[in-house]
Amino acid sequence: MNRSSLTAAKIIQLFDLKPHPEGGHYRETYRAVEKISKSALPSRFVGDCAFSTAIYYLLAEGEKSKLHRLKTDELFHFYLGDPLIVVQIFPDRVEKVTLGQDILTDEKVQHLIPAGCWFGGYPAKGSRFSFIGCTVAPGFDFADFETANTKRLLNDFPHAKEEILKMR
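Under this note's numbering, the residues of the sequence shown are numbered 292 to 459, in order.
Any given hint might turn out to be false.
[Said to hold, decoys possible] Distance condition first, Cα-Cα at most 25 Å in a straight line; then the derived SDA-like pairs of lysine to any residue: (1) Lys-355 with Glu-319; (2) Lys-452 with Glu-354; (3) Lys-362 with Thr-320; (4) Lys-355 with Ala-406; (5) Lys-355 with Pro-382; (6) Lys-452 with His-359; (7) Lys-357 with Val-337; (8) Lys-362 with Tyr-347; (9) Lys-357 with Thr-298; (10) Lys-452 with Leu-403; (11) Lys-452 with Gly-407; (12) Lys-309 with Lys-357; (13) Lys-362 with Thr-441; (14) Lys-355 with Asp-393; (15) Lys-387 with Glu-453; (16) Lys-309 with Phe-369; (17) Lys-399 with Asp-373; (18) Lys-355 with Arg-419.
[Stated by the list, open to error] Pair ranges (Cβ atoms, derived): (19) Pro-449 with Lys-326: 32 to 42 Å; (20) Ser-328 with Gln-392: 31 to 41 Å; (21) Lys-329 with Lys-416: 40 to 50 Å.
Calculated directly from the structure, the hints in this document are not laboratory data.
Values in this document were obtained by computation on a predicted structure and should not be read as measured data.
Every residue gets a Cβ at the ideal spot worked out from N, C-alpha and C, and that includes glycine.
Just need the whole structure built from these sequences, with the hints factored in.
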């Protein structure tokens with residue numbers, strides 16, 4: 292298959308991706324069988340966690356990953372398509388990182404989102420789709436996933452108003 296003929300719809304079909312609550316499409320590809328007991332985890336976790344999990348994740352043109360945060364670190368891996376803008380909101384700044392294959396223009400093929408950081412993403416202008424992987428350790432659990440409350444974020448991070456309003 293010629294890469295230029297790939298579409299978001301074709302990737303969704305080929306990889307059996309399903310709608311994700313934050314936006315875009317995903318499929319879990321790995322969940323470690325072994326678990327870390329809640330008693331061995333920091334108190335922010337609500338239960339036992341798999342050692343690690345991984346997903347495929349796709350955002351098509353016009354879609355966005357709404358602002359959210361996890362209780363774990365999350366590592367993004369760029370696979371196919373066009374650049375993806377990742378927005379992270381910190382107490383003192385907003386950072387934007389571009390995931391993509393053009394490493395000569397500072398696009399990243401991997402990027403780490405630290406636990407507790409508010410973040411989201413969207414395909415760069417002119418992008419048809421961005422197909423990435425996400426690895427989480429300890430493993431992902433929807434109980435450890437928090438979607439953003441716009442009013443609260445605007446109050447807590449006034450310096451990030453433009454991005455908060457864009458990513459809701």
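How the hints compare with the structure:
no.	hint	in the structure
1	Lys-355 with Glu-319	holds (19 Å)
2	Lys-452 with Glu-354	holds (20 Å)
3	Lys-362 with Thr-320	holds (20 Å)
4	Lys-355 with Ala-406	holds (20 Å)
5	Lys-355 with Pro-382	holds (22 Å)
6	Lys-452 with His-359	holds (15 Å)
7	Lys-357 with Val-337	holds (23 Å)
8	Lys-362 with Tyr-347	holds (19 Å)
9	Lys-357 with Thr-298	holds (22 Å)
10	Lys-452 with Leu-403	holds (23 Å)
11	Lys-452 with Gly-407	holds (19 Å)
12	Lys-309 with Lys-357	holds (16 Å)
13	Lys-362 with Thr-441	holds (19 Å)
14	Lys-355 with Asp-393	holds (21 Å)
15	Lys-387 with Glu-453	holds (13 Å)
16	Lys-309 with Phe-369	holds (19 Å)
17	Lys-399 with Asp-373	holds (12 Å)
18	Lys-355 with Arg-419	holds (13 Å)
19	Pro-449 with Lys-326: 32 to 42 Å	holds (40 Å)
20	Ser-328 with Gln-392: 31 to 41 Å	holds (40 Å)
21	Lys-329 with Lys-416: 40 to 50 Å	holds (43 Å)
Every hint, counting from the list given before, is met by this structure.
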